[in-house]
Amino acid sequence: MTVGAVETGTTDAREAHRAFLNRYYGLTHRIYDATRRYYLLGRDRTIARLCTEPWETLVEIGSGTGRNLRLLKRARPQARLAGVDACDAMLEHARARCPWARLMHGFAEDVELGSILGRAPDRILLSYSLSMMDRPGAVLDHLSGQLAPGGELVVVDFADGADLPAPAGRALRRWLARFHVSQLEDPLFAGREAEIEYGAGRYWLAAWLGARAR
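If you're matching positions, the sequence shown starts at 20 in my numbering and goes up one per residue.
Since the hints were derived computationally from the structure, they do not count as laboratory data.
One or more hints might be untrue.
[Claimed, not checked] Derived DEER-like restraints, expressed as beta-carbon distance ranges:
#1 F198 x D31: 19 to 25 Å
#2 W119 x E72: 26 to 32 Å
#3 A219 x T71: 19 to 25 Å
#4 G220 x A115: 16 to 22 Å
#5 R33 x A185: 33 to 39 Å
#6 G137 x R93: 21 to 27 Å
#7 R197 x G133: 33 to 39 Å
#8 A219 x E111: 32 to 38 Å
#9 H124 x P168: 26 to 32 Å
[What the hints assert, rightly or not] 16 Å max Cα-Cα, derived EDC-like pairs, lysine to aspartate or glutamate:
#10 K92 x E75
#11 K92 x D129
#12 K92 x E72
Beta carbons are placed, not taken as given, at the ideal position from N, Cα and C, and that holds for glycine.
Starting from the given sequences, assemble the full structure and let the hints guide the process.
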């Protein structure tokens with residue numbers, strides 16, 4: 020999860036948010052991966068499944084430290100990989116770790132992905148970033164239109180927790196709200212021909228939108 024992909028409205032709001040991200044992640048980016056591994060579940064499973072697919076180009080929205088891009092590069096060394104994030108501190112950190120990736124600053128709701136790799140991507144990955152965006156439905160609409168023909172939009176993120184014990188579910192919602200995170204609800208994917216896999220307790224989900232779902 021990185022708030023580097025949070026979308027905001029006006030230019031002033033975006034710049035204020037960008038400054039906030041740089042203050043926060045400027046202090047924490049070096050320990051981010053170590054502290055998130057225990058609760059950002061489903062990422063490695065989703066990446067492993069991604070790597071069974073015949074794609075050549077992938078862009079991650081909210082690429083953060085570059086952790087996921089490094090796993091993808093290891094599994095698919097010939098793939099062309101890119102990332103978009105709204106946090107300069109995270110981008111600087113990721114560029115040092117992923118010199119082979121194309122990384123750029125941007126916001127999810129209006130980024131033009133074709134300019135990053137010179138063509139529309141075969142896959143777009145959002146890993147624990149969509150839940151931090153103000154208008155996730157609008158983001159999905161925009162990004163789906165950026166895919167190459169036959170491409171897929173892949174989301175792994177917090178689900179609704181509906182099958183967790185009630186006290187645990189309430190505690191999770193309160194905890195996520197502190198970080199401006201909203202669990203992804205089923206209606207978000209309604210009418211999108213999505214294939215959805217849920218983790219235990221519906222704590223997390225992986226959604227595949229595009230060619231596979233059809």
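To see whether the hints hold, each was checked on the structure:
1. Separated by about 23 Å at the C-beta atoms, F198 and D31 satisfy the suggested range of 19 to 25 Å.
2. Restraint check, W119 to E72: a C-beta distance of roughly 20 Å breaks the suggested window 26 to 32 Å.
3. About 22 Å separates the C-beta atoms of A219 and T71, a value consistent with the hinted range of 19 to 25 Å.
4. At about 37 Å, the beta-carbon gap between G220 and A115 misses the expected band of 16 to 22 Å.
5. Checked against the given bound of 33 to 39 Å, the beta carbons of R33 and A185, roughly 38 Å apart, stay inside it.
6. Checked against the hint of 21 to 27 Å, the pair G137 and R93 passes, with Cβ atoms roughly 23 Å apart.
7. A C-beta distance of roughly 36 Å is found between R197 and G133, which places it inside the suggested range of 33 to 39 Å.
8. Range check, A219 to E111: about 36 Å between beta-carbon atoms, so the 32 to 38 Å window is met.
9. Taken as a hint, the range 26 to 32 Å holds for the pair H124 and P168, whose Cβ atoms sit roughly 28 Å apart.
10. At roughly 11 Å between alpha-carbon atoms, K92 and E75 fall within 16 Å of each other, so this suggested pair holds.
11. Between K92 and D129, the direct Cα distance comes to roughly 26 Å. Violation of the 16 Å bound is thereby established for this hinted pair.
12. The straight-line distance between the Cα atoms of K92 and E72 is roughly 14 Å, inside the 16 Å bound, and the hint therefore holds.
In summary, the structure is inconsistent with hints 2, 4, 11 from the numbered list given earlier, while agreeing with the others.
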